[in-house]
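Chains X and C, in that order, are what the protein sequence lines are. Quick note: the first sequence uses the numbering used here, first residue 1, plus one each step. Quick note: the second sequence uses the numbering used here, first residue 1, plus one each step.
Treat the hints loosely; a few may be bogus.
Stated by the list, open to error - Here are the simulated SDA-like cross-link-like pairs (lysine to any residue), alpha carbons at most 25 Å apart as the crow flies: (1) X:K135 <-> C:R17; (2) X:K32 <-> X:T10; (3) X:K81 <-> C:A10; (4) X:K135 <-> C:D549; (5) X:K75 <-> C:D549; (6) C:K15 <-> X:S138; (7) X:K14 <-> C:S540.
Hints listed in this document are in silico derivations from the structure and should not be mistaken for laboratory results.
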Amino acid sequence: MPILKTKNLTKSYKTKKGIVHAVTDVNLSVEKGEFVAIMGQSGSGKSTLIQLMGGLDTPTSGEILVDEIDITKLKDNQLSKFRGKKFGFVFQTFYLQPFLTVAQNISLPSMFTNSQNLSLDRTRKLASILKIEDKLDSYPSEISGGQTQRVAILRSLYNNPAIIFADEPTGNLDETNSIAVLKMLKSINQKLGTTIIMVTHDSRVKQYATRTITLQEGKIT
Amino acid sequence: MKLSHTFTLAAAKLKVRRRRTIVTCTTIALLFGVVIFFLTVYSSLFASHTRMSAEIFDGNTFIITSTFRNFNTVTIRARALELYDLSQDEDKRYPLIEDEWHEGEFFLDHTNKFVIQASDEEHARLMSEQHITLTEVAARYNGEIIANTEGLHRSSDLFFPALEIPPGAQGAMPSGVAIDILPRSVVNSLIAFEPNMQDSVPVIIPAEHAARLLNLSRLPDDASPRELEARLKDIHDRAPGLIFHGHSTDTFFGVPINDEIEEESLNSSELDDEISESPTEHITFQVIGISAGTIQPYTIPGPSGFRDERPFLLRVLDGINSFGGGAGFIIPTEFINDYTLQYFERSYTSWLGGSTIIRFSRPADLIDFRANEFCYDDNPHCTLYGGAQEFMSSIYWLHTMSYNINTGVVYLTAFLGFIAMFIMAGTIGRVIEDEKQATAIYRAVGATKGAIRKIYITYVTLLSAITATLALIIGYGFSLAIHIAYSRILTANSRVTYGLPESTHTIWTVGFDIRTLLVIGAIFLVGLLCTLLCFDRMISKSIIKDIKD
Ligand SMILES: Nc1ncnc2c1ncn2[C@@H]1O[C@H](COP(=O)(O)OP(=O)(O)O)[C@@H](O)[C@H]1O
Ligand SMILES: [Mg+2]
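The shape of chain C in the complex, shown without the other chains (with noise of 0.2 Å):
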């Protein structure tokens, strides 16, 4: 068969059945126009929102990072040894104590000044390392560390004003470092070995047991935000200074505790003379600060085999030396006067940090920064441990919400999409249904059921041409239509919302989308596997069979 005979038979039926065609054609063109509409809208309108966004973000600073690096104890057992090989000193005492309770296990003697200057070293390396890597990572993303001038995010700022931030500190340790995240496992070994232990160790305690040791009522459940602040502001006035008396080895602010792992390994500990049966009776406590937060008790494996639950601060004076906990954090009053830190845990990595202000240009590249640096949810590639924030920012907030609104918008669009075909296909259907009688005279004069289909497939693609154009029309006659009415004000109101100040873009609802040939792919697609499929299905063995029915 002649393919201009196949062409003038599907043309004959659409411009005989016009009726049937434009009814048909405009359903379907209706559905696909408002996908396309969708799409020129996710393509444009929310765009503009995120260029104008980025227009005015240069030069804003977004982020902050808390950044972490590990101290290798065995590069500062290394280099200690090294240093008192060295060393000419006549007095010099060797870094290393033997652990009495582990045999032939030694650890690091942390007042020995080999080990202080050890570890000085490690840690002037790794800071100046992850200072490096830090504005390495940064550059990758256009972005370059900032000093952190305000003391910026840190809770300390908050409950500490005694502890003042030098000014001009950069964020990371030791020179501004934020109490909140100091290693505890430092804190650990520093009450282990601290001199002033006898006169009293200088705490910072949650809020929460600040508030029982000022024996102050419980708040209800459902205390407005009012009677917390009140609540906090109070505890804040009153806690610091208060002196309090490690008082149970049973209990500590109420938590439990288990006696035989305290009594065990004090009974063997090098602090026995100077602590009689419980150590905690003999320890008094000075709160210097309340933070946020509430006991969480970590977990070792006890003596019976099951996992006991202990709180943080007994953890340190049981003598084990763990880290872990929340019940508040205890600060050496060496530390406290010169913020310097020179002592590590004797078993466990330690943990150092500081907050570090990264400025980017562009709201891509922190968001890319953020997605590919940052070892949040098993990225492989990751360089940086710990956490990032962005400021709250209007700008941000435009940008971010221009990326969500996207992403609804694209499910919103993949779902009408899917209802548009499904309707699609069955007017389709019903269509080819109707050519029943047509294909079994056809058949009756002579034709083969190919070259029948193949009419169909013309008749068909013609249909989804006229559909597509007319979804194009429609799609865009909308954003044409919306862009008119609306871009002059979107634009001025986001301008006046989020403080935007004048530029070039405005808000523009009429962009091409290349997804749109997806969509007038789509339309094609369905015609031609709808045509495929009703056809075999309405052909039957019998002519005059298909002629009657």
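So here's chain X without its partners, still in its complex pose (with noise of 0.2 Å):
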């Protein structure tokens, strides 16, 4: 049983010079604990995709199936719990809270929650396997880009979801930085089995995907 599916997923855009079509019938099977890269180009579909995939965007037409939900019909509010509960995100541009220490930035999503996870312990143990611990209590305007991004993905992280969505997690960061990152979300896909859905244009992806999906024009190719 695959833990995300969808069924003629369609995202059209209606703008000034006509309709376009960013997301056209993208039929696609994700299994528990898989890896997924979408490569493309630029303008080809992939964030459209992976923010419909996330609930982060209604679709024109189609269904999202995520455990045999299908998250397109969930209220708005129902559809934010569920998000917080099963899905991790991770931004190109990181979308820390600027207000907020890496601390609080890293356990938001369990204030939301109300899961018990929300403990400094918890909070210390994490940013200490991405060896962030000694930054807990600076703001994200003083640490390094390479840093926030960890922050970022600890933050997805942080509520144990079933999904991970990284859209060009590496995009924004150097050489190190960005292996740094893979190998982390690797990791997280292979020690907590968490399933991860990452767009990007960083060909060395294929190491570490256990599937690589090329999205063309808005279609699977």
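With the hints in hand, could you dock these two chains into one complex?
Written out as structure tokens, the structure is:
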């Protein structure tokens, strides 16, 4: 049974120049524990697809089944809670909250889900795995880009999600940091069994991913 | 979501965005601070004035009222008939005369001794009743009636030196009656039955008419007060004693009258024997005084069906006995001699009045008295007809000024308050709008809209609390500064200006006004409402769209 399955997933945008078909009739099935890399040219619809699957946007048509639940049919609050429990997100531009400390940013998801996860110990333990435990009281503006993305990864991990969606997580990082991030995601995938769906340009990802999908003009090739 | 988390997230925003917090709060607080400052000024500076004026108000006389009561013709008629029945006198005369012009109607014979006695009794009763009423009403406001020993508030003082007011007059009729409030209807009747009419009828006429009699040229409209005063003095000196004759039935002092009514009434009048053809030709008037004012023609339904305007004096002479107008007062010789009123108009309710002085000990009492008891504007609970005037008094003026300025300050404060609220709403709106991306991230990691709304409500409430605190500090700080700088000099100046004695009260500008709480409430309320409104507008369906915006 796939953990995530899309059926004829389509998203089009209405613009001044006409209708843009960002994602067209995508049927994708991801099994639990997979590390899926979505590749393709810029503008091929990768981000759109991953955002739809993560419930951050609503499709024009089609279904997204996560554990057999069609998340496109969920109400706004239900979807929020669902995201909080099941999904983690890592973005290219990290989107940390500048007014929260590193520790608070890491544990942010658990503040909203009422889970028992939230504890300083857990935050510290997670931070130590990614070697940023000495930065817990710093603010995002006070740490480097690589450290920032590590904080974002820890945030996506905090609620023990079933799936982590990562949209070009290495896009803003240098080579060393990029490789580090890919390794982190791989070890999360292997040790915790978390399903990872990642969008990337980075050809190195092929070493880490269990499957690679290529998009072209919004369609899987 | 736990309350502590909500608070953590809201407080973090305040702390880290310190500059924005300070700028936002200070801007809004400055505005509300000014509002609070005005309130403290309102409640203290002018309250100080009021207190000071109230303190020295005690014992001052502030009001003269002219109160009026009606004569009840029905009562007098009944009493006259009763007296007639009781009288053993062989020669007694029936007090009613049949109205020749209106068949079956009777009017009182004003020369009848029973009528005179009945009206005297009624008059005395009404006067005492009026006195009792006034005493009672005044007492309700801690006021008391005092003797009008100075004959105050009579325009007769100005114009009728010949008619001296007896010393010790109470101001109420009949002992100290003021000519200018003589019931005209009484005079009307008197002149109609005036036994001395063949000789000369004493009249008081407006200065304007006297000027015509004296053949004075018309003063230009833009005559200076000095010229007017000189003119008045001239008239005043020369007019008394002037003799004039009613010279035409067409006009009286240039005011046209209606011939038809004139003739018709007079033909059937019982005065026909004495006055031939046109009565005014045969009447000699003697000016005994000048009054202020001008002709105020009054209207009656004329034969044409239209309303004709006729001056008062001739209305009397044509025998119809209406009242009203203002062309002049005809003073019966009898009245001039002893000031006693014994007659009243045959079919109209008569008005009598007088000037009464009431002493109040507190300005507020006087204000309440005037507001509650006089029948000015549809006051359903009023007890007194007439008018009341306060004396010119710097203390009273100070008091009134405080009241008026206070009212002005209230409006100004309310206006400023509204502006402050609008600006605050705009500012908070922007603050919330700035949180769009943060909101989207919260939602991405699992926050429901309700949870985020709570965070912002907490955030804005904290902002409001800081703003309110700052506003209080600014408002009261201003007040204190003003107080330190000006209180002493203001107090001293007030004392000199208004002649206030040394008192325990100084002018103080740092009082607490309960409306300050209203301002604080407004700060929180605007914050809350604005947050709720802006928040819902800010959130769109697509989280990713909000993040990118
Ligand atoms: N909000 C939007 N409005 C209009 N067009 C959009 C919007 N977002 C994406 N697109 C369009 O959809 C297509 C796919 O975009 P995207 O998913 O971001 O591509 P990728 O991530 O592969 O570079 C592009 O042509 C892009 O211009
Ligand atoms: Mg993209």
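Comparing the hints with the structure gives:
no.	hint	verdict
1	X:K135 <-> C:R17	20 Å, holds
2	X:K32 <-> X:T10	23 Å, holds
3	X:K81 <-> C:A10	21 Å, holds
4	X:K135 <-> C:D549	29 Å, violated
5	X:K75 <-> C:D549	23 Å, holds
6	C:K15 <-> X:S138	14 Å, holds
7	X:K14 <-> C:S540	16 Å, holds
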